[in-house]
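Starting from the known structure of chain B, arrange chain C on it as the hints suggest.
One-letter residues, chain by chain:
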Amino acid sequence: MKTFFSIIKYDYLHRTRSYSFLITLCISLAIAYTFVPEPDASYSTIRIADYVGYYNSAWFGYVTAIMTSIFLSLVGFYLVNSAIKTDTVTRIGQITASTRITNFRYLLSKALSNFLLLVTIVVIVFLMSILLFFLYNDGYSFDISQFIIPYLIIPIPAIFCISILAVVFEVVFTKYTVIQNIGFFFLFSYLAFPSLSENSSNMYEFDLFGTQIVMHQMEESVRNLLETGDDKGLTIGYVLGNTGETKNFKFEGVNFPISFIISRILWCVSGCLLLLLLSPIFHRFDIKQLVKKKQLFSSEKQKTTVHEIELSKLKKSTHNYGIYSLVKTELLLFIRKGKRWLWILNCIGFILLAVLPISIAHTIVLPILWFLQVHRLSDISSKEIYHDVQYFAFTSYKPLRRLLLSQLLAGIVIMLILALPLLIKSVFVMDIQSFIHIIVGAIFIVLLAITSGIVTKGKKLFEIVFFMITYGNLNKIPFLDYFGGLQHSSSYVLTLTLLTIIMAGIGVGMRIQQIKNQ
Amino acid sequence: MKLEIKNVSKRYSRNKYGLKDFSMTIDKGILGLLGPNGAGKSTLLKMIATVSKPTEGMIILNKNNILKDANYIRKQLGFLPQDFGVYPNLNAFEFLQYIAALKGIADKEIQFKIEQLLNGLNLLDAAKKPIGSYSGGMKQRIGIAQALLNDPKIIIFDEPTVGLDPEERVRFRNLISDLAQDCIVILSSHIVSDIDTIADQVAVLKNGSLLSYSNQEKLIDRIDQKVFEVAINKEHLDNFKNNNIVISTSRKEDKIAVRYISESPIDGSVSQTANLEDAYLYLTKTN
Numbered sequence: 012m013k014t015f016f017s018i019i020k021y022d023y024l025h026r027t028r029s030y031s032f033l034i035t036l037c038i039s040l041a042i043a044y045t046f047v048p049e050p051d052a053s054y055s056t057i058r059i060a061d062y063v064g065y066y067n068s069a070w071f072g073y074v075t076a077i078m079t080s081i082f083l084s085l086v087g088f089y090l091v092n093s094a095i096k097t098d099t100v101t102r103i104g105q106i107t108a109s110t111r112i113t114n115f116r117y118l119l120s121k122a123l124s125n126f127l128l129l130v131t132i133v134v135i136v137f138l139m140s141i142l143l144f145f146l147y148n149d150g151y152s153f154d155i156s157q158f159i160i161p162y163l164i165i166p167i168p169a170i171f172c173i174s175i176l177a178v179v180f181e182v183v184f185t186k187y188t189v190i191q192n193i194g195f196f197f198l199f200s201y202l203a204f205p206s207l208s209e210n211s212s213n214m215y216e217f218d219l220f221g222t223q224i225v226m227h228q229m230e231e232s233v234r235n236l237l238e239t240g241d242d243k244g245l246t247i248g249y250v251l252g253n254t255g256e257t258k259n260f261k262f263e264g265v266n267f268p269i270s271f272i273i274s275r276i277l278w279c280v281s282g283c284l285l286l287l288l289l290s291p292i293f294h295r296f297d298i299k300q301l302v303k304k305k306q307l308f309s310s311e312k313q314k315t316t317v318h319e320i321e322l323s324k325l326k327k328s329t330h331n332y333g334i335y336s337l338v339k340t341e342l343l344l345f346i347r348k349g350k351r352w353l354w355i356l357n358c359i360g361f362i363l364l365a366v367l368p369i370s371i372a373h374t375i376v377l378p379i380l381w382f383l384q385v386h387r388l389s390d391i392s393s394k395e396i397y398h399d400v401q402y403f404a405f406t407s408y409k410p411l412r413r414l415l416l417s418q419l420l421a422g423i424v425i426m427l428i429l430a431l432p433l434l435i436k437s438v439f440v441m442d443i444q445s446f447i448h449i450i451v452g453a454i455f456i457v458l459l460a461i462t463s464g465i466v467t468k469g470k471k472l473f474e475i476v477f478f479m480i481t482y483g484n485l486n487k488i489p490f491l492d493y494f495g496g497l498q499h500s501s502s503y504v505l506t507l508t509l510l511t512i513i514m515a516g517i518g519v520g521m522r523i524q525q526i527k528n529q
Numbered sequence: 225m226k227l228e229i230k231n232v233s234k235r236y237s238r239n240k241y242g243l244k245d246f247s248m249t250i251d252k253g254i255l256g257l258l259g260p261n262g263a264g265k266s267t268l269l270k271m272i273a274t275v276s277k278p279t280e281g282m283i284i285l286n287k288n289n290i291l292k293d294a295n296y297i298r299k300q301l302g303f304l305p306q307d308f309g310v311y312p313n314l315n316a317f318e319f320l321q322y323i324a325a326l327k328g329i330a331d332k333e334i335q336f337k338i339e340q341l342l343n344g345l346n347l348l349d350a351a352k353k354p355i356g357s358y359s360g361g362m363k364q365r366i367g368i369a370q371a372l373l374n375d376p377k378i379i380i381f382d383e384p385t386v387g388l389d390p391e392e393r394v395r396f397r398n399l400i401s402d403l404a405q406d407c408i409v410i411l412s413s414h415i416v417s418d419i420d421t422i423a424d425q426v427a428v429l430k431n432g433s434l435l436s437y438s439n440q441e442k443l444i445d446r447i448d449q450k451v452f453e454v455a456i457n458k459e460h461l462d463n464f465k466n467n468n469i470v471i472s473t474s475r476k477e478d479k480i481a482v483r484y485i486s487e488s489p490i491d492g493s494v495s496q497t498a499n500l501e502d503a504y505l506y507l508t509k510t511n
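Which chain is which? The protein sequence lines are B and C, in order. For the first sequence, this note's numbering gives the first residue as 12, with consecutive numbering after it. For the second sequence, this note's numbering gives the first residue as 225, with consecutive numbering after it.
If we strip away everything but chain B, and leave its shape as in the complex, we get:
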């Protein structure tokens, strides 16, 4: 048992002491701040027709709990889905594998460590929600139970299951990080959409995120107020400009039925059982098994005749400080990244861009096709550090001007090649705005990847942000539309361009500091 708790404790400490976790906490705080809009804000998060709740304890507690459940289920997976991989990379896994700990206990310890990490964020958001209550206080009394109960029943079981799912994905798709990332994206979409739209009360128990029962109760409250049987058209998520004519209703929380509470516990127990079922197939850091197809080369096998370097016969080098060769290699690294069959998906996306109507191709296929490159883009500027090549890269001739530029160019080239059918179609229909927007979008997303990588020296932040942006794109949230799929004014492209330039400035500035302060 000591090993079990030690793994949880030190894994948690290791991960929370990382720079990327600090940034994630800051972002979580910033997002939590927006969960309950200021009284005069121009956006809404939860709204039933023209109604939002009075700013009492119940409204704050339940709204922030719902938003936390959805937000953390969405990004939490990407935040914690490398617990086992980290042990493989650091080779701690091999030491762990040589101890007496069982596969199940190891996997459970990883899931619990994931859970603790996400709970830390929940606690931060929880405290922020209480702070917001006092900031926007409408004269209602503070009732701590209206905060604790929804948080315990809604997001806590949800993130527990997400923590387990992250481990399950790592066990099942050990070598296929890209399948883990993209697979969860679709799984989340599948789980989220029914839970937001389904009103049948017997579905509450099947709602992983636990939000449906609360939203249904809110709708009921408004329906009673209006004394009509209409469906009130609840909106959830960040919606801009629908705050005119806002009316208020009193929301006093939910009396959770015992069956629902039991279902939340059952979700957690089922997750643990799933881990138990999968534990026999866990690789337990058997590296040979992981690399069996690669067939390690040993120098003994290769030796035929032994040679030595004859310095006098070595060809003299001449200098060429262009970046063509660097761009070529960066492109090669892009192409080689991930499994070859993933290019089949890219080809399908490419063909769909060419054959589908331009509106569908632009609003649905393009963001998905670009999101499929998340694993290629995410380490574009941090792979030197990840692969320990930074000593070569940063001591090269003018690394900033040459290497960073070549990474940017290679990234943009890949994204634009993938978008080529749409670009050609835009030219044919004389839609120059879309044409420009796609190009700016490609530059924007590559620069976002580069800057995130430079700032965090890792790839997690970009993966999470890109996931959120793409999710927003598919839900047609206007301010997340970086590639011009929706109708915008011409100033929107300019704003995006400005944002891109600012981001480039931050990225370059941080990389200069990084090189200086090594």
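The set of hints was computed from the structure by calculation and includes no laboratory data. Each hint should be verified, as a subset may be incorrect.
The calculated lysine-lysine pairs, modelled on DSSO-like cross-linking and capped at a C-alpha distance of 30 Å, are [claimed, not checked]:
id: 1; chain 1: C; residue 1: K292; chain 2: B; residue 2: K468
id: 2; chain 1: C; residue 1: K363; chain 2: B; residue 2: K350
id: 3; chain 1: C; residue 1: K353; chain 2: B; residue 2: K324
id: 4; chain 1: C; residue 1: K332; chain 2: B; residue 2: K324
id: 5; chain 1: C; residue 1: K287; chain 2: C; residue 2: K377
id: 6; chain 1: B; residue 1: K468; chain 2: B; residue 2: K409
id: 7; chain 1: C; residue 1: K226; chain 2: B; residue 2: K327
id: 8; chain 1: C; residue 1: K465; chain 2: C; residue 2: K442
id: 9; chain 1: B; residue 1: K409; chain 2: C; residue 2: K377
Using the frame of chain B, we list chain C on its own:
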């Protein structure tokens, strides 16, 4: 070719130094750096390689301050770090082409040179296989190859023999001797035998300071006539270690043979010829 390190310090926190007020002038030839873990060897090498910047002092190469113009040394530098990685999806050819591009070497002319280097390092047969499938020794040789791509005038090898088998070590030592004909070669190692056969100058570091910088003969002269060997009973060993500078011990029938340094040897001691390892251990244990 002259590299001057003037009053260089690397401070990590208020009282924690990686290197403290370090000065040294290095001329053409092989400089061997010796020192225990945490002595500051890698810190010094990283600063010369422009990977890291000192918090105080200057590093001057041929009258050029490389802290102000890092690209001056980068153009003529070959650096093999202690811990380095590779892009596992690239093969040896592609990886070396990439490093060549980073160093600013013409693309067309580098092909032949890469082939020559890979052949000389016995990697040509595996050159088209992903480096991710290479053994540790093969990766180390890739590291050596990349350091030589740009005809460097300053070559820095930080623990270069890690992972190399005995034959490869001998070949590597030969290579370094050849390189030193018209270059500055700085070689850091924990293994004294890697350095004593080839280094023209030896620098011994401890706790971020320079304990000694001279040629091997002068260094060994410090303990000339002070190295002895004696056989003692096992139960006396701990007490003996407390009172003498013990270099090494080995089992000899029912006793322990102890090699030690002393100005007043005990009875039964036999004088031994001093070597670099004795001098190094004497310096690090008495300072």
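Worksheet item: Can you list which hints this structure breaks, lowest number first?
Response: Violated hints: none; all satisfied.
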